[in-house]
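A.B. asks: For reference, the chains in residue letters:
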Amino acid sequence: MAHGTTSRSLLTAIILAALVATTACSPPGGDTGSPEPGTSAAPATATCGTAPVTLKAYFETGFPLPKSLADEFTKQYPNVTWDIREDQFAVITQNAPRVLADDPPDLMRLPQVSELVKDGLLKNLDGYAQTLGWTGWPGSQLQQMRVGADGERGDGPLYAMGLNFSMTGVFYNKKLAAQIGMTEPPATLADFDTALQKAKDAGITPINQFNGGATGGLAFPLQNLMAAYGDAGAINNWIFQRSGATIDTPTNLQATQHLQRWITSGFFAPDVNSQDYATMMSRFIEGKNLFIFNGDWESGNLDKQMAGNVGFFLMPPAQAGGKRAAMSAPLTYGIGSKAKNADCAAFFLNWVATDQKARDIAVTVGGSHPMGPADAYMPAVQEGSVTAATLAAGAVIGQDNGAMDFIANATGAIYAKSWTPQLQKLVAGQQNPEALLDEVQKDYEDQVKN
Amino acid sequence: MSAQVEGRRAGRARRPRAIWLGWLFAAPAIIMYATFVIRPLLLTVQYSLYDWNGIGASTWVGLDNYRRLLTDEDLFSSIVHAFELIVFFSGIPVLLGLFVAATIRDIAASRLAVIARTVLFLPQVIPLVAAGIMWSWLLSTTGTANELLSAVGLGDLTRAWLGDFDTALPAVGVIGAWVLVGLCTLLLLAGMSKIDPALYEAARLDGAGPVREFLSITLPSLRQEIGVCVTVTVIAALASFDIVYIATQGGPGNATMVPGLEIYYLAFSEREVGMASALAVTLVVLVLACVLPIQRLTRDGS
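Chains as they are written, first to last, in the working numbering: chain A, 1 to 450; chain B, 1001 to 1302.
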């Protein structure tokens, strides 16, 4: 039938025409016109001016700190208003490249930065650092946010800034500690092992730690153990993607084996593989276990919920008197390379670190140490509170030069796709320490290459 | 219709114009379909041939992404998991749906049947995400499932159902089965209501019992409805994402990783858009390969 043939060929023609019109056959990508990394290092003035400005910001849900800072900033600079979008950190991690490319915010909470820098999505802050005097701050504060031309972190231009810098260690329930005769924090790893065993013998769950879903919280104790056995610098080199760095080292193997011993000794709650962060926190606050590995961002919260009953200590070293190390990282915020109000955003970041009110908020709301010059104003904290304990621990880490970034931040996918499944398998007895490190290293090399 | 009639009346000369008029009416739908279905589909095929992080420049790699799919154990096991889920998403709902529908049909007029239908259909109204959250509470160590087990003296069996390597995938399957049983029951019930009652009467006169009736009359008459149920649920199993994402996020280890979730991780966390597209294309092909034969088998014999 002529009619049928005509309509069929017509249909084909129309669809083909539509397709040719819609799918240009050029290869995908390369549409950002990537400003080459390393530019715009000339001194830049950071100011919000006097005309009305709306700062577009992308914050992390569940943390009141950035919102409190934004409110205070508007109080002091009424011409600045905020347009804030909030998401969970995992969502931000996944969205970061696309959001920065398509709809760049002035200020954004960032996951790990090196991949974003490679794609030319972040503004080089060296110009601001020069004019605002950030270069005079302790270098370790900014080190993690420097990215070199080859994508290695730790050196090179500054691409982000912290609202404060947080630190992790071990929180403990003082009442339960007294029950097992632990009157002061363990001084060595062996002391810590003894405390764990005593707790278990007394029928107390020694450690509740989140390790379920896509967030393997056993990475916290693992990295602390790595630092107890080996050198924090080597771990940083791995996280910073320095060439030739490996996680598969003899001391890291010792650390992983130690973690495995903790697992087989029953020091973790039996359902550690289905525990999420919220469950861990609620159980600890209800007094159901002795220890959690966590960070000082919970200090303010714990001071409120368990006033006087929480202690904090840094992971003890393997040998008595050894150096302390801790996962410690800035609460990273960056400015999109195509942000409209970059100058004002930089001014805000500087204000967070230097304004007295802002530093008060960083400590009382954020629970962590503010950024800024070494001799800057420090708010007074209540004696005996856990916030005081974490701030004091921060000073120790500074002395021992033991700040490490988190091993989960080495690449964008290493946490969800390597550490988490591997650690969950270790708990289930389906993985051994040697193979675990080997697998993670393989994934890492694969991801860094990309 | 009217265009055809008009065309015939106006004679051969005006026919082409009538055809164009028809296409004009169809155009909005065609354009939408081409823009939002066909174009993304073809772009996905195109992306699958590149190594691309979603932002920067891309490199042509040909079929390399597909090759990796076959050799990468984790990617391959996610596909295997999807097929295991068919048992729970498709097998259980269809069998249970048949049983429940046959039971309800017998008491069709009573109020109990109305209540049963409502209760069974309820999971359909609840968003899958809410169902996932609810079930992860039920299946947690302190959840109802474990409390019930302890109450009847089976305390030894209690465990973190979604956090255990052996039980996580079946536990996710149970959530899917719970969601889909209602849909299947309702579809099958609707199918049963159109079966001629005379058939049952004749069978009963011939001395058939309820089982014989079910096997000889109900089941064959429901061929098409069963086909629809199996098709919908098999697609739900192979393309599952939301339930798994909420309940386990693919963990523990990779025990509950399914292609839908893997595509999401590849594209947004590993930033391998090419690889993600290749897996997506493969998934489409697999779904078609499973669903088309089912369609053929369950097509009405008459």
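None of these hints come from the bench; they were simulated from the model. There's no promise every hint is true.
Listed below are several chain A residues computed to face chain B (Cβ distance under 8 Å; list not exhaustive) [to be verified]:
id, residue
1, T93
2, R98
3, A101
4, P104
5, D119
6, G212
7, G213
8, A214
9, D271
10, N301
11, K304
12, Q305
13, N409
Don't be surprised by glycine CBs; every beta carbon is placed ideally from N, CA and C.
A.B. asks: Indicate, hint by hint, whether the structure satisfies it.
C.D. replies: How the hints compare with the structure:
1. T93: Cβ of T93(A) sits 7 Å from chain B, so the hint holds.
2. R98: At about 7 Å, which falls below the 8 Å cut-off, the nearest Cβ of chain B leaves the hint on R98(A) intact, so it holds.
3. A101: 5 Å, holds
4. P104: At about 12 Å, which exceeds the 8 Å cut-off, the nearest Cβ of chain B leaves the hint on P104(A) violated.
5. D119: Cβ of D119(A) sits 5 Å from chain B, so the hint holds.
6. G212: 5 Å, holds
7. G213: It holds, given that the least Cβ distance between G213(A) and chain B is near 4 Å, below 8 Å.
8. A214: Result: holds, 4 Å to nearest chain B Cβ.
9. D271: 4 Å, holds
10. N301: At about 22 Å, which exceeds the 8 Å cut-off, the nearest Cβ of chain B leaves the hint on N301(A) violated.
11. K304: 25 Å, violated
12. Q305: 20 Å, violated
13. N409: 13 Å, violated
Checked against the numbered hints given earlier, the structure breaks hints 4, 10, 11, 12, 13 and satisfies all the rest.
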